[in-house]
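Student: Note that the protein sequences, when read in sequence, are chains S and P.
Heads up: the first sequence at position 249 corresponds to 249 in UniProt numbering, and the numbers run straight through without jumps.
Heads up: the second sequence at position 390 corresponds to 390 in UniProt numbering, and the numbers run straight through without jumps.
Among the clues, some could well be false.
Claimed, not checked - Listed below are several chain P residues computed to face chain S (Cβ distance under 7 Å; list not exhaustive): (1) Ala112; (2) Thr113; (3) Leu115; (4) Ser116; (5) Asn119; (6) Leu271; (7) Glu465; (8) Gly471; (9) Glu477; (10) Val483.
Please keep in mind that the hints were generated in silico from the structure rather than gathered at the bench.
Every residue gets a Cβ at the ideal spot worked out from N, C-alpha and C, and that includes glycine.
In case you want the letters, here they are:
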Amino acid sequence: MARGEFSRSLRAAIECLGTAPRPRREPTIRCAHRSFQPPTSRCISTTASRHAELIGETPEKFTAAPPIDFSKEDGKGKGGGKRLLRTLRVVPASPSYFSAKPTFTDDFINLSALLRKVATLPTIPASEAPKVAWKTIDQYRIMTNEPVKTQRYHKMLHILRRLNCIHPSLMPEEVVQAMQRYKKASQPGDFKPAPGVIDEWGRAKGVGRRKTSSAVAWLVEGEGEALINGKSLAQFFGRLHHRESAIWALKATQRLDKYNVFGLVSGGGPTGQAEALTLAVAKALLVHEPALKPALRRAGCVTRDPRKVERKKPGHVKARKMPTWVKR
Amino acid sequence: MPSPICLRSLSQLSLDRAANVSITSRTLLAPQTACFSTSAARYAAPPSKRKGMVAPPKRGERTLNVKKGRKAPSADTGKRPAPGDRKAMRKRIVLTNDNALEVSSLKDLDKATALSEKNEGQVRGLPEQVVDALRAVEAFKTTQGWSLFRRPATLMRKETIQLAKLLKEVEDPVDGQQKKTLRRVLSGDRMSGKSTLLLQGLAMAFLRDWVVINLPEAQDITNAHTDYAPLPSSQTQQYTQDTYTATLLSQILKANLKFLEATPVTTNPPLPLPLPAKPTLKHLAELGIANPEASWPVFVALWQELTQPGHPPIMLAIDGLSHIMRNSEYLSADVKPIHAHDLTLIRHFVDHLSGAKPLPNGGIVLAATSQSNAPTSPALDYCVQVAEAMQSHPDNIPHWNPYKNVDQRAMDVLKDLLVPGSGGAKGLDVIRVGGLSKQEARSIMEYYAESGMLRAKVDDGFVSEKWSLAGMGNIGELERVSVRLRI
Numbered sequence: 001m002a003r004g005e006f007s008r009s010l011r012a013a014i015e016c017l018g019t020a021p022r023p024r025r026e027p028t029i030r031c032a033h034r035s036f037q038p039p040t041s042r043c044i045s046t047t048a049s050r051h052a053e054l055i056g057e058t059p060e061k062f063t064a065a066p067p068i069d070f071s072k073e074d075g076k077g078k079g080g081g082k083r084l085l086r087t088l089r090v091v092p093a094s095p096s097y098f099s100a101k102p103t104f105t106d107d108f109i110n111l112s113a114l115l116r117k118v119a120t121l122p123t124i125p126a127s128e129a130p131k132v133a134w135k136t137i138d139q140y141r142i143m144t145n146e147p148v149k150t151q152r153y154h155k156m157l158h159i160l161r162r163l164n165c166i167h168p169s170l171m172p173e174e175v176v177q178a179m180q181r182y183k184k185a186s187q188p189g190d191f192k193p194a195p196g197v198i199d200e201w202g203r204a205k206g207v208g209r210r211k212t213s214s215a216v217a218w219l220v221e222g223e224g225e226a227l228i229n230g231k232s233l234a235q236f237f238g239r240l241h242h243r244e245s246a247i248w249a250l251k252a253t254q255r256l257d258k259y260n261v262f263g264l265v266s267g268g269g270p271t272g273q274a275e276a277l278t279l280a281v282a283k284a285l286l287v288h289e290p291a292l293k294p295a296l297r298r299a300g301c302v303t304r305d306p307r308k309v310e311r312k313k314p315g316h317v318k319a320r321k322m323p324t325w326v327k328r
Numbered sequence: 001m002p003s004p005i006c007l008r009s010l011s012q013l014s015l016d017r018a019a020n021v022s023i024t025s026r027t028l029l030a031p032q033t034a035c036f037s038t039s040a041a042r043y044a045a046p047p048s049k050r051k052g053m054v055a056p057p058k059r060g061e062r063t064l065n066v067k068k069g070r071k072a073p074s075a076d077t078g079k080r081p082a083p084g085d086r087k088a089m090r091k092r093i094v095l096t097n098d099n100a101l102e103v104s105s106l107k108d109l110d111k112a113t114a115l116s117e118k119n120e121g122q123v124r125g126l127p128e129q130v131v132d133a134l135r136a137v138e139a140f141k142t143t144q145g146w147s148l149f150r151r152p153a154t155l156m157r158k159e160t161i162q163l164a165k166l167l168k169e170v171e172d173p174v175d176g177q178q179k180k181t182l183r184r185v186l187s188g189d190r191m192s193g194k195s196t197l198l199l200q201g202l203a204m205a206f207l208r209d210w211v212v213i214n215l216p217e218a219q220d221i222t223n224a225h226t227d228y229a230p231l232p233s234s235q236t237q238q239y240t241q242d243t244y245t246a247t248l249l250s251q252i253l254k255a256n257l258k259f260l261e262a263t264p265v266t267t268n269p270p271l272p273l274p275l276p277a278k279p280t281l282k283h284l285a286e287l288g289i290a291n292p293e294a295s296w297p298v299f300v301a302l303w304q305e306l307t308q309p310g311h312p313p314i315m316l317a318i319d320g321l322s323h324i325m326r327n328s329e330y331l332s333a334d335v336k337p338i339h340a341h342d343l344t345l346i347r348h349f350v351d352h353l354s355g356a357k358p359l360p361n362g363g364i365v366l367a368a369t370s371q372s373n374a375p376t377s378p379a380l381d382y383c384v385q386v387a388e389a390m391q392s393h394p395d396n397i398p399h400w401n402p403y404k405n406v407d408q409r410a411m412d413v414l415k416d417l418l419v420p421g422s423g424g425a426k427g428l429d430v431i432r433v434g435g436l437s438k439q440e441a442r443s444i445m446e447y448y449a450e451s452g453m454l455r456a457k458v459d460d461g462f463v464s465e466k467w468s469l470a471g472m473g474n475i476g477e478l479e480r481v482s483v484r485l486r487i
């Protein structure tokens, strides 16, 4: 935005050339040209372009100011053109244009001004404010193409968080627009999974995975019976620990005597199967009682454990083990 | 100034020598004549060094052995158990735990109330004589948790009451004419209490003064660990196991001593050895115990006597049924495996299980299957599955898998299981030992808690949690979950 502003202001400055013709200086133009060069040249770090590839975010559109046509303006001859060049002095719209980080400074100043303006509005506690995923420092650097320091960016985030805490019913449109620039493209809660359904037999289905096991569990109201692959819990899991983890979601929420479970598990070993069942049962329970989600999260039944066996690498004996070092 | 030794000698002269043990032991070492003399002690041989004590290593000597193959200075001073000790330790049955609390509310079973339906869901103790008798017939197993509690007690579960009803049916038949022979196979999951149910059946039979003959472990009969000999004068070759039969006779004698002592021999059995004058059944059994080579004729004669009219009903039981539904480990003279049904004892049991020979005075033939120590016996598995299916869902009966080898002799014995109809009509049926109900689980867990073996508040939530973890009330798992795996 700031840069767009700059180009706009540049154009405005050129526009006003006609009214107040001043001699034009080569260096200004060169300077402007330099700023139109590909973004890599302006970055301090040479890896920034790779970041851009990885993240897939394009820098802001940069419109160059139109070239100044001296022939049009100087109707009074060559001497007038020279005078024009001498009097031409482009004044950047941003006072921070000549600093290393003009865009960031502008952003910061704008946000501070905005906060000063809306500081008196009532706020809500930070924990109740709507959850927002702000851009990371890397994303912001790529967007602005400036070497922004982490600490300063965090200061800006501080202001943004404060703005986010304004009471939602009184949130000015201006603030919403301003915050939009710093939000990630996808926000938490954007993608809502389709809510589970309880079918005509009163069953709720849940799917869970762990290691290489996957489990499907159906939950019906009952009195605590469990059948896994057609066997009872004691027949299927020899270890007590595995039995407990298979129905941990029910046990942790004191629902063990209120539901019957039947599950199908495949793949992996006993531990993986038991913990896949934990997840499956928890998800099926959430269909019956969605309000249990915080309790289940505290019990560790909501998040899928992403750990898997690490692959073996060439040159290694195992995933990380190297062959024994032998002298010569 | 007198030396301290002299003073000590003086003190040893006190009259109450025996009062202090350490003093007496010291006086034994030093003879009394040397009271005022110290020379004996001074010239005595230096005390010999204890055996097995190793001198401390010399200075500079390496004491840490890291090289392979070099023996430590004292290789292994630990004492090995004597031959047979390890097995005795393994087979030892412990029925009491002095650290467990006495349960004040525990009532014993007695003759009058043993078969009462009011016992259902209650824990009942086993009286002293019954425990002795059960021990004599080896009904207690090492894997059962008797050693956790003060004294043996059992939960009278639904299946036990079912068994009690059978006993009652045998004792006073409704029609009034013929004494009934009921045959039951106990089946169920692992640790679901099949052997314990068998034990409860034996205990009830003991309480009701039945004659109890228990083959404690079918594996012991067929695994070729005891001697065997061909039985002369048998049309298909049969084999007797003399030592085992003699042991069995001694078990029978010990368990049913009161009845055998009181009953005289009425028939004139053809025995290779003479009986004393005015013989009782006890004398008959003792003859077989003393002469193992005559034990099989004695067993036959004893059975003949027991089935005389007017005698009490018989409880005939075996544990580990699948071991006798296949070839035994014995080999015949032409090195062919001997089928288990060709062993005389097994043949005797199997004839009664199949219904080929009835019990004239009535009785029950009980056979418990096992899930953990069970060789494959497709015929038995199939018959039990079909019988269970006919009880629970008669419209979905499993079919015989034609790719399995059928043991026709086993199939013939168990063919009554395949006959549709209710258990009473067909004689041979299955008692499915399932999980406990929650009330039963609660009552047994209260017993655990009162014994001090379960330190938790037994409430509905706790009971249903353990009930679920134990695989829907499997009693062995319930005990494991609540008593054994306590953290």
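Student: Against which earlier hints does the structure fall short, listed by number upward?
Tutor: 1, 2, 3, 4, 5, 6 and 10
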